[in-house]
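S.K.: Chain by chain, the residues run as shown.
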Amino acid sequence: QDVNLMDGVEPRPEGNSIVEAGAFQTEAPWTIAMSHFGVNANTWTVQTAHEAKGIADGDARIENFIMLDANFDQAKQVADIEDLIAQDPDVLIVMPVTPTSADAGIQMAIDAGIPVVVHTGRTENQNFTVDIQGGAENFGRVMGDFLVEQLGGEGKIWVLRGLPSHPEDINRYNGLMQALEGTNIDITQEDYGNWVYDLGKSLCETFYLNDPQVDAIWSSGADMTRACVDVLTEFGADIPPITGEGNNGFFGQWLELGYPSIVAEYSPSQAAAGVRAAVALLEGEALHKHYIYEPEGWNAEKAAEYYRDDLSANVWWPTELPEETLQELYGN
Amino acid sequence: MASFLKSASRIPPAYFVFAALLATLWLTKPQLMNLNVMGIFIRQVAPLGILVLGQMLVMRVRSIDLSGAGVLLLINYLIASGLLGDMPLTLIIILSLAIGCAVGLFNGYLVAMRRVSAVIATLAVTVIITGFVQFLASGKPPGNMPELMNDIYKMKLGPIPLPVIVWTVLTMTMAVFLSRFVYGRFVMAVGENPTASHFSGVPVERTVLVAHVLAGFFAGVAAIVQSASVAVGSLRLGLEMPIDAVAATILGGVVFGRGDGGVWGPFFGVMCFALLFVVMTSFGVPEPGKQIARGLIILLAAVFYGLNTRKS
Amino acid sequence: MLPAVSMKGVTKAFGSTLAVDDVSFEISPGRVHALMGENGAGKSTLMKMLAGVHRPDSGEIRIAGQVVTFADPRQALAAGISTVFQELSLLPNLTIAENMFLGKEIVGQFGIPVRAAMTARTSDALAELGMTIDPNTLVSELSIAERQFVEIAHGIKADAQVFILDEPTAALNAADVEVLNAQIRKLKAAGKAIIYISHRMDEIFAMCDDVTVMKDGRHVSTQPLNTLTPDALIALMVGRDLEDLFPCRATNLGHVVLSCRDLVLPAGTEPLSFDLHAGEILGIAGLEGQGQSEIVRSFIGQVPGTHGALSVNNTPVKLPLARQVGVRSMQRQRVGFVPEDRKEEGLLLGAPISENIGISLQSARPGFKPLIRLRETVIRIMKEMRVKAESPNMPVGALSGGNQQKVLLGRYLASDMDILIIEEPTRGVDIGAKAEIYRLLRDLAEQGKAIIVLSRETVELIGLCDNILVVHDRKIVAKMLGCEATEHAILNAALKT
Amino acid sequence: MSTSKTHNLPGTKPNRWLGKNSRQGNWWAALLLIVTTVLILLATTDDFATPQNANNLLAQAMPLIIVAIGQMIVIVLAGMDLSVGSVMSLTTAILALDGSPLVLIPLVFLAAVLIGIVNGVAIVRLNVHPIIATLSMQFIVLGIAQILRPVAGGSVPDLVVSLVTGSVFGVPAPVFWAIFVVALGWKILHGSRFGLYLFAIGGGVASGQDDTAHNFGLKDGRSIIIAYVFSALFAALAGTFIAGRIASGDPGVGSQFALDSITAVAIGGTQLSGGVGGLHGSILGAVLMALLANGMNLAGLSAFLQGAIKGVILLLVVAMQSRKKMGL
Ligand SMILES: Nc1ncnc2c1ncn2[C@@H]1O[C@H](COP(=O)(O)OP(=O)(O)OP(=O)(O)O)[C@@H](O)[C@H]1O
Ligand SMILES: Nc1ncnc2c1ncn2[C@@H]1O[C@H](COP(=O)(O)OP(=O)(O)OP(=O)(O)O)[C@@H](O)[C@H]1O
Ligand SMILES: [Mg+2]
Ligand SMILES: [Mg+2]
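Listed in order, the protein sequences are those of chains A, B, C and D.
The first sequence begins at 54 in our numbering and counts up one residue at a time.
The second sequence begins at 22 in our numbering and counts up one residue at a time.
The third sequence begins at 422 in our numbering and counts up one residue at a time.
The fourth sequence begins at 10 in our numbering and counts up one residue at a time.
Chain A on its own, in the form it takes in the complex (with noise of 0.2 Å):
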């Protein structure tokens, strides 16, 4: 009887609450407010805004969908949240851009009697009505896992991280910790590439030309996991086990160069998830307080079910966009 928000979401199992069935019901027609933490950061980020966006462009009674980007200011994220409020709507959605940039708005929406939901990123306040997380710690141990099965607990290891100082980095991080603890696999050089293609290039070949010796890479998302196999290409050196992401380029690199490899699921389809479970507060629905988004790794086989080489690279799986949708984003 549970509403299901989205394929992989669950109710948190412990610590978790029931939000009343019809505790923030409301007649249609509805306005929707989203503070986005920043959707032009890189093609993941679009695709979250996209998902949402498809969702409540496809039921009727959503009226007004407002969605406001912050830019990865945190700043901006203060006063869009405000600005949000001011415009009365019937409920708010979060994607926080740091742990408390969020808070203050939040307590002032819930003060207002607006229900929020928040997701992809965690908040200090711990008042909002709903939330979607994905699990960071279970995203960096799927892929921990992955490595130390690989090397049967003993190794050197280069580590790739994402954006300096920004939670879901560090947590990912975490849950390689815990992967790694108790094994005698080494760190033996670490940095930030941004998450990004270009940063990610600089910093394998430098990890590279520095020692070349590794035995596996632990890359924290998929745009640095294809910059780093295309350094190695590009040495002559063979691939190591290396960890990756639902990006359609990597699955095609990794399909076809066959290197061994895992895809911790991360999709920006938790947007479309948030603005579900705003539609089911708004519809009466009961919802959990808490759900968690904590998939298992995917190996080769699952990535060839979802790579489509008619698509371009930049696709995110798995997506709940329609064929239509992906074939006008990224249709090649």
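Among the clues, some could well be false.
Said to hold, decoys possible - Each computed SDA-like pair below joins lysine to any residue, with the alpha-carbon atoms no more than 20 Å apart:
#, chain 1, residue 1, chain 2, residue 2
1, C, K578, C, D623
2, C, K578, C, N557
3, C, K525, D, F203
4, C, K790, B, L105
Honestly, the hints are just simulated from the structure, not real lab data.
On the provided structure of chain A, position chains B, C and D with the ligands as indicated by the hints.
M.R.: Chains B, C and D with the ligands in isolation, oriented as in the chain A frame:
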């Protein structure tokens, strides 16, 4: 001897930092000290280096160009989004350079003819282009770069990667152009005193305009090299690149309206940025330490230079 | 009586240039002491040490018997030394009043400057110098002569015992000089010591009590002025007798090379016309601000809103020219314009002498052409102009004021123009060099070139020019032959009495 | 020979407020755009003219106004401070440390004074270009902020939070902040000898007469150092305001502010070459930028379009700002 010492003291800070970083690597990571390895490291900063050629030029005529970020992003997006269809590479390159020049012309018109603040004008251009690209990207996110570009990027002449050669050749061309051609004197004169230049018959407005067009051109070249180095298009390049370009230029001894460092000062300014990255990464300096070390190194070099060139 | 200032064995070198070499100098209260010498003799440098701008390498300075060392001009000011520097040094973005009170503002409650009081007192100070200008005008809006006056007002209104005036009259005409003279007499009567530097002989003899002559950084002689004749003084300075200051005039003029027809200036009413012939030196005289430089500047597009027709070597030029291209298009017609404000409009101070001389020749070519070799030209010009400098690579900013002027003129000499328009050809130039410049201009005219000269020194116009136009209120009110003109006649015409 | 002559300039009656030559710069372009934007918003949206939104707008504009005032103090003397953003970040990081606000707040301002002095001394005594000095400092201070607080979080003392979000007699706290910083800015820039010296020093640099102010007997070096201290102090003030608003420490919070504050100052008509500008211009510039963000949010403009529109408006201001001098 005295004059030798005096001219030695005017060596731009970039050379000191470069020497110090090189020595550090030599002592601690001798395995990195070969042409093949260094070539790769230097290749990483080739786009910045090419951008600096333009930045240095506009700074010499007392202007500044922050629009490089926009040009890079736009060209990178156009190539990767497939909006250009199956255009041949030469056409893509010509189009990119044309875009760079057009943006430069627009900047130059605003700065030289309309006399608006160069910082604001070029910043606004970047903001507009970035917004425009992001708008386009909402309908058509960028995809793959043509593989041919990637292959060209990886080419080498002997141990030296092609982008490094392009950068060096452009730098040499600029060095000759500025020191042996009339336009170079115009640049010097305008930087020294625009009013007096005007009365001396220097076409001040045109000089500044051309400087901006050239800066746009170099941004176009930088954009091509930068695009060739990646496999996917980007949506966000940020203003770090133009700001780094300003910093490298000043580190190279060129400041607004004055240029002790010639063309090679800023060249080595960029090399410093390359080595700084290598040194930090190979020592595994943690992020805060990296920031602090980067700041301290630049500051100390500038202080050393500043003390030497201080008026008596 | 204790001297107000005494400098003993003072030496100052810039690199390998010994600017001041073991000079001793003394001045008593209530005296006006002239400091004379050729360009680059070290006068300004000596005074800058007294004013706290430079610190001497050796030697000592005493003020009222006390040995002093100044770390900066502030301390010199506090010790009672007020200076009017040779190179204009007002801040263009401040108003006259703000410049006047800079560093010693009148502040009221909470430290807020009291604008009204400063405005009023500035107004008074300016009025004493015969100026009725609004003290809240930004200095950037002033003409060069007005700036000079503000600077003088700033210097002489200071609460000081010693006043240094380093070529205060270089940008002033005779009437203005008289105003200054009255002020100096007042200071003298109040028992102040005044050091006066000028290259104009008549001023020296009219105002000063004593004279010290310097040459090549060294002290030559100090004596009361009444023991000297002008010729004797010149001989001391130059080290030789100067024959005629002015060369002979032209015997016959050629065809018309430049004709100005029906020129109407923005604020003018009547159109004005005149012709310039090959071989002619034409002077334009008039009181301050009557439109002399507006007339010539309209030829190079610097005065928007003018109308009229110009014909240069029979090529018609329609006025107004666009500001951005005026200078260049006239240079293409072989007309050179030498601006008066050499620091702002003339020289590239940080650039070497060679570049400053060569820039016009280079800029006559398109930017994408290679540079032409100018080494020989530069060396020839420096020799012809007798520029006192270590090498052509020296930055012009390090030259003495008069030598800077020579470099500026040299630029136009190098580019071999047919017509030269010169605002103030000898501003700040020593008497010897003046004679050289006059001869040079005359030589050019003999070669068939034509020259228009603007000058505040009426004597200069009379001695140098073949014809003189007198301007009043943007109209030509008189035209006279140089050989017939007198100071009196010109002044009468200029005043339109 | 006594002649009476007058030096009255025909048609150049000084105008210190308007015009290409005024020392205030072209501040009216920003004003014009503010008025236009407000009129458009009044006509097209319902939510703009509410007291709630006025509060929001003030609070949103405040940090930028504060930093811009500090930034302007150094820009007037032909300098620039790229380290203000990092100082803001550091401020929030310090305020989110464990400790009494009575220790933390003075610590914040002590740090700012120190940073300002280092900037100033590097520029004045060690002859380092302002962009390089403050850019280096930006990295160094950011590094320190990251050490103190690697990830956003922690909690800021309640005192600071209520100083920003509270109200007195129904008047929200940001109003008092506004009055305070504007008064302080006015006093420093336009109501003191120090302020005039800033303009004098900057005007000297802009006209290539670097020594002129010094020759007037001004303590130019000391004034410049103090100016950088002020700039850092204003940044700390802005950081405190933001810390109160997000109630936590965050090493990334200031990253946009260096460029944004320079933009605001320049939009306000201040010339980056020094010597020309007015406090009101910088405030108008900062308000315009905040108003644009707020207005575009309320007008429901697509997140995908906001960037381009902001740029176009920037360019509009710029097009209206043609000046006498070319350059920065
Ligand atoms: N800052 C400086 N750097 C280098 N050389 C200088 C500097 N100032 C003056 N000199 C040199 O010192 C010498 C004396 O210059 P100074 O300005 O004292 O001459 P002056 O007698 O005032 O000449 P003028 O009549 O032309 O003003 C000149 O050779 C000049 O080039
Ligand atoms: N381009 C201009 N636009 C407006 N006013 C101007 C312009 N040029 C000059 N003026 C004003 O016109 C008046 C006459 O100026 P001009 O400099 O031609 O007189 P002048 O007698 O030659 O003065 P000087 O002896 O100082 O050269 C001055 O008050 C000046 O401020
Ligand atoms: Mg002198
Ligand atoms: Mg004049």
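S.K.: Give me the numbers of the hints this structure contradicts, sorted from smallest to largest.
M.R.: Of the numbered hints given earlier, those the structure breaks are 1 and 4, listed in rising order.
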